[in-house]
Amino acid sequence: MTKSTPRPSSRLAPALAAGPEKTIIHPARAGWSFVKPNVIPGFGLTLGYTVVYLSLIVLIPLAALFIKSATLSPEQIVKIATAPRTLQALRVSFGSSLLAAVVNVVFGLIVAWVLVRYRFAGKRLLDAIVDLPFALPTAVAGIALSAIYAQNAWIGWLVSADGPLHLGWKIAYTPAGIVIALVFIGLPFVVRTVQPVLEEFEQELEEAAATLGANRWQTITRVILPRLTPAILTGFALAFARAVGEYGSVIFIASNLPNQSEIAPLLIIIKLEEFDIPGAAVIATIMLLLAFVLLLVINLIQVWARRRYGDV
Amino acid sequence: MAMYEEDVAVYDSRRPNEPPYAHSRPTTEPRWIKWTLIGIAVVFMAVIIVLPLLVVFIEAFRKGIDVYLKSFADRNAVAAIRLTLTVAVIAVPLNLVFGVAAAWAVAKYEFWGKAFLVTLIDLPFSVSPVVSGMVYVLLFGAQGWFGPWLDDHNIKIIFAVPGIVLATIFVTFPFIARELIPLMQDQGTQDEEAALSLGATGWQTFWRVTLPNIKWGLLYGVLLCNARAMGEFGAVSVLSGKILGKTETMPLYIESLYNGNKFAAAFAVASLLAMLALLTLIIKTILEFRYGDELAGTRRH
Chain A
1 MTKSTPRPSS RLAPALAAGP EKTIIHPARA GWSFVKPNVI PGFGLTLGYT VVYLSLIVLI
61 PLAALFIKSA TLSPEQIVKI ATAPRTLQAL RVSFGSSLLA AVVNVVFGLI VAWVLVRYRF
121 AGKRLLDAIV DLPFALPTAV AGIALSAIYA QNAWIGWLVS ADGPLHLGWK IAYTPAGIVI
181 ALVFIGLPFV VRTVQPVLEE FEQELEEAAA TLGANRWQTI TRVILPRLTP AILTGFALAF
241 ARAVGEYGSV IFIASNLPNQ SEIAPLLIII KLEEFDIPGA AVIATIMLLL AFVLLLVINL
301 IQVWARRRYG DV
Chain B
1001 MAMYEEDVAV YDSRRPNEPP YAHSRPTTEP RWIKWTLIGI AVVFMAVIIV LPLLVVFIEA
1061 FRKGIDVYLK SFADRNAVAA IRLTLTVAVI AVPLNLVFGV AAAWAVAKYE FWGKAFLVTL
1121 IDLPFSVSPV VSGMVYVLLF GAQGWFGPWL DDHNIKIIFA VPGIVLATIF VTFPFIAREL
1181 IPLMQDQGTQ DEEAALSLGA TGWQTFWRVT LPNIKWGLLY GVLLCNARAM GEFGAVSVLS
1241 GKILGKTETM PLYIESLYNG NKFAAAFAVA SLLAMLALLT LIIKTILEFR YGDELAGTRR
1301 H
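Sequence order for the protein chains is A and B.
So the first sequence is numbered by this note's numbering: it starts at 1 and just counts up by one.
So the second sequence is numbered by this note's numbering: it starts at 1001 and just counts up by one.
Some hints here could point you the wrong way.
Stated by the list, open to error - If you want the footprint, here are the derived chain A segments under chain B, 3+ residues with CB under 8 Å:
(1) 49-56
(2) 76-85
(3) 171-178
(4) 205-214
(5) 243-255
(6) 280-287
For the record, the hints were derived by calculation from the structure and aren't laboratory data.
We put the CB at the ideal spot given by N, CA and C, even for glycine.
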């Protein structure tokens, strides 16, 4: 600021002083400003870098996908999207993801409840291994799961016709195998969204319910569960979203038959390998749009929960 | 915690003849329900989560330690391990710088469109790995926007190492930022303001005040980012072209071995990644246990 002030000796000084009077409004008093005034330096640098890096790595590539789909004619898009193979792949992906997310809600809720409410030996260990699916690479999980559920060993053998139980079940290379892989990768999402809410649940509410004559079951279903509902729905949506896009852990345990048990991400890869870029782009766009819808749903749940309970 | 203990003797005047232990507190469940639930949780976790981890090691050592060690003598195995490390060494620091910059911008200032920016940063988590890889094919592939130009200048991105690096950066993009943003928001701006008012420059403030405040959160984010970077499969598989010994990372090499029915070798390489996962979990748990207060992101995935 001081640099721009003309030196007193300058001959221009009187001329400048005589110019139109400028009133300087402090940004804090100005009506609207992009950023609230702040003494901490680096706003331009950090925000600029964030936006440029975000655009280069994420936004421009994702925009390329939408533009690619938009250059196709509507008939072409409909033709690709309603092809029997595409529909079946989407049905397999969505169906098994939905089923896996439901399983995860049931067991995730039990795991979260046990971790928060009870004390037992090995509790800390149980808590730590909940995150294993986040840490274990999907390809490793995939080959391990297919080894476990294939008919010749482990659980696959146990439930097969040759096993001690003579059940004659097949898990690997059937839809059940896909669901098991998706349950594996989705579990932490439910546990880790429900657990903090349960931890912060006001126990006084349970005591109040009990003093008002509610039995334990009524307290759980009418006082605790409604409070957990936003977290359960968020966990469900997160697990579902992750499952729909999952590739690595599924392809080893699924039979990957076209028109039968092929998942949508695999179909994208197959179309790319056949250089059918438009086909791959349309399916990818459908999946991306679904991901955006789920993201929106999750945000709406959080807004609703915040309005109702003050936090999530 | 005592609140949840169920065997507190309660004297109930309505049923004085029953022994006191038959009653339970109204805010907990009967003992049998408690142990049934614990049993369900433990068995479910053991079968679904722990068994796959155990099986990796059991299958890896099934044919003896010699076969296990021989799996790593293979030239392609060494190349895969080296490529995985290279990719992580490039991708993690890039996302680290981005994460710190983004967290600084989001946490220290109030600006228009902030919530939207945070949503955009989280975006790669919602995108299927396969789609993450394929968007770069649309940009840099033979039929892509920059494909012909890259071809003229003899630059290879798709089916080469740069593509693998890009895909890895994309899928690990939010890890460090989303760990640091809530942490730095919690910490506020008072420390930095104090440093600045005492005459520190912006960089001095960052290196001597902010960085020590966020170091554990940063380590936590780097840990998770690195685990994902080394283990990423879907996105990388679209872009690698799977040239054995050249563009195969460890997860892709595992797939090649498995599909080639070399199960022992596949599980041997997988056991390395499983050990990485275990190590990540252990350090993560230690960080949460010791520095829980300094990790805003604890349990918020």
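Here is how each hint holds up against the structure:
no.: 1; hint: 49-56; in the structure: holds (count 5)
no.: 2; hint: 76-85; in the structure: violated (count 0)
no.: 3; hint: 171-178; in the structure: violated (count 0)
no.: 4; hint: 205-214; in the structure: holds (count 4)
no.: 5; hint: 243-255; in the structure: holds (count 6)
no.: 6; hint: 280-287; in the structure: holds (count 4)
Checked against the numbered hints above, the structure breaks hints 2 and 3 and satisfies the rest.
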